[in-house]
Amino acid sequence: QKEVEQDPGPLSVPEGAIVSLNCTYSNSAFQYFMWYRQYSRKGPELLMYTYSSGNKEDGRFTAQVDKSSKYISLFIRDSQPSDSATYLCAMSEETGGFKTIFGAGTRLFVKA
Amino acid sequence: DTAVSQTPKYLVTQMGNDKSIKCEQNLGHDTMYWYKQDSKKFLKIMFSYNNKELIINETVPNRFSPKSPDKAHLNLHINSLELGDSAVYFCASSQVGGGPNTGELFFGEGSRLTVL
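Chains as they are written, first to last, in my numbering: chain U, 1167 to 1278; chain P, 2 to 117.
Think of the hints as simulated: they come from the structure by calculation, not from any bench. Note that CB positions come from ideal geometry on N, CA and C, so glycine has one too. Mixed in with the good hints there might be a few duds.
[What the hints assert, rightly or not] Looking from chain U toward chain P, a few residues come up when the C-beta cut is under 8 Å (computed):
(1) GLY1182
(2) SER1186
(3) TYR1205
(4) LYS1208
(5) LEU1212
(6) TYR1215
(7) LEU1254
(8) LYS1265
(9) THR1266
(10) ALA1270
Isolated chain U (complex conformation) (with noise of 0.2 Å):
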C-alpha cells in the first residue's frame, strides 16, 4: 500500500462545475499538507498549503484536511478552462521537513 493514494483520473468536468479531488493516506505523522498543481511540461506549483485538520480557502479553491479519516480534499468552484491541469497532493511530518510524498496526481479537464 502506498503512503498516499490518489485516484489519477482523468477527471472531466464541464465549465462552472464544482471540481472535488480526495487524497487519502496511511502515515498518522503527517501533519502539512499541500496541493500542487503541473502544468503539461511544466514543474509542479504550490496551490494550497494546510497544517493538521480543517478547512483552508484561497479564492475559488478550498482545502480540506480530516486527519481523523487520514482524508484531504481540494475543491475548485466555478471551475475555468484554465484550471485543467494535474494535482498532485503532498504531506509531509513536518513544516520544512526533508521528504514530502506526493499522491499519484489526478488528471483535470475543464471543458469550455
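Put chain P on the given structure of chain U with help from the hints.
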C-alpha cells in the same frame, strides 16, 4: 529570471550510456532535491541535500550519483542507463525551517530522459 533551472530539458540516449543533468537555483534556499516522475505522473523523491550534505537517499540504484558543489547547485549523474530510467527528472529547492509556508518546493521545468 528563472528560479530553478535545469539542463538539458530533453535527453535521448542509448542504453548503457552515462549522462548528467544539472540544476541551479537562485532563490537562496538551503535544500535541493531530485524527484523522478514516471509516465503515470507519479512523483517520487530520489535525493535531498541540505547545505551540500546528503540528507535523503531513497533506495536509488548506485548508478545514480548526485553531487552538490555548493548550496545553489545540485547535479545528477546516471551511469549505465537502462530502459526503466526513462522519466522526467525534476530538480526542486526549498528553505527548511521558519515561516508558515516553509518547505514549499520550487520545481524546475524538468528534464525528460528517454533511453532507447
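* To do: Quick one: which hint numbers does this structure break? Sort them smallest to largest.
  => 1, 2, 3
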